[in-house]
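K.L.:
Model the full assembly from the supplied sequences, consistent with the hints where possible.
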Amino acid sequence: MRLKDLDINPSTMRLEIDIMETEGNFAIVVSEGKARLAELPVHGETKIITHQGKVKRIKWDEGEEF
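Residue numbering for the sequence shown follows the working numbering, beginning at 3 and increasing consecutively.
Hints listed in this document are in silico derivations from the structure and should not be mistaken for laboratory results. Wrong hints could be hidden among the right ones.
[Stated by the list, open to error] Only pairs whose alpha carbons sit at most 25 Å apart, straight line, appear in this in silico PhoX-like list of lysine-lysine:
| no. | residue 1 | residue 2 |
| --- | --- | --- |
| 1 | 58 | 36 |
| 2 | 6 | 36 |
| 3 | 36 | 61 |
| 4 | 49 | 61 |
| 5 | 56 | 36 |
| 6 | 49 | 6 |
| 7 | 6 | 61 |
| 8 | 6 | 58 |
| 9 | 36 | 49 |
| 10 | 6 | 56 |
P.N.:
Below you can see the structure in the form of structure tokens.
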């Protein structure tokens with residue numbers, strides 16, 4: 003699974019992440035009190051699909067240069 007759950011501190015409602023610890027390119031998606039880290043492909047597209055103001059899914063379309 004490409005999505006990794008991130009912990010939100012319930013007492014402070016803050017999300018803390020060490021960006022130097024995480025390798026590569028990524029996007030952080032927050033919806034309905036949940037946070038997830040989505041790794042981005044080297045070549046391709048990443049689409050965040052929403053429905054009624056909520057994140058429904060994340061789709062990857064990858065390719066490689068010839």
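K.L.:
Take the hints in turn and mark each one as holding or not.
P.N.:
Hints, one by one, checked against the model:
1. For the proposed pair residue 58 and residue 36, the alpha carbon gap of about 12 Å is at most 25 Å, so the pair holds.
2. At most 25 Å may separate the alpha-carbon atoms for a hinted pair to count; residue 6 and residue 36 meet this at roughly 11 Å.
3. Annotation: proposed proximity of residue 36 to residue 61 holds, straight-line Cα distance about 18 Å (limit 25 Å).
4. This hinted pair checks out: residue 49 and residue 61 have alpha carbons roughly 5 Å apart, not beyond 25 Å.
5. Taking the CA atoms of residue 56 and residue 36, the gap is about 11 Å. The hint holds against a cut of 25 Å.
6. At most 25 Å may separate the alpha-carbon atoms for a hinted pair to count; residue 49 and residue 6 meet this at roughly 16 Å.
7. For the suggested pair residue 6 and residue 61, the alpha carbons sit about 15 Å apart, so the restraint of at most 25 Å is met.
8. Our distance criterion of 25 Å between C-alpha atoms is met by residue 6 and residue 58, whose separation comes to about 16 Å.
9. With a C-alpha separation of about 18 Å, the suggested pair residue 36 and residue 49 falls inside the 25 Å cut-off, and the hint holds.
10. A C-alpha spacing of about 18 Å is found between residue 6 and residue 56, which places the hinted pair at or below 25 Å, so the restraint holds.
The structure meets every hint from the earlier list without exception.
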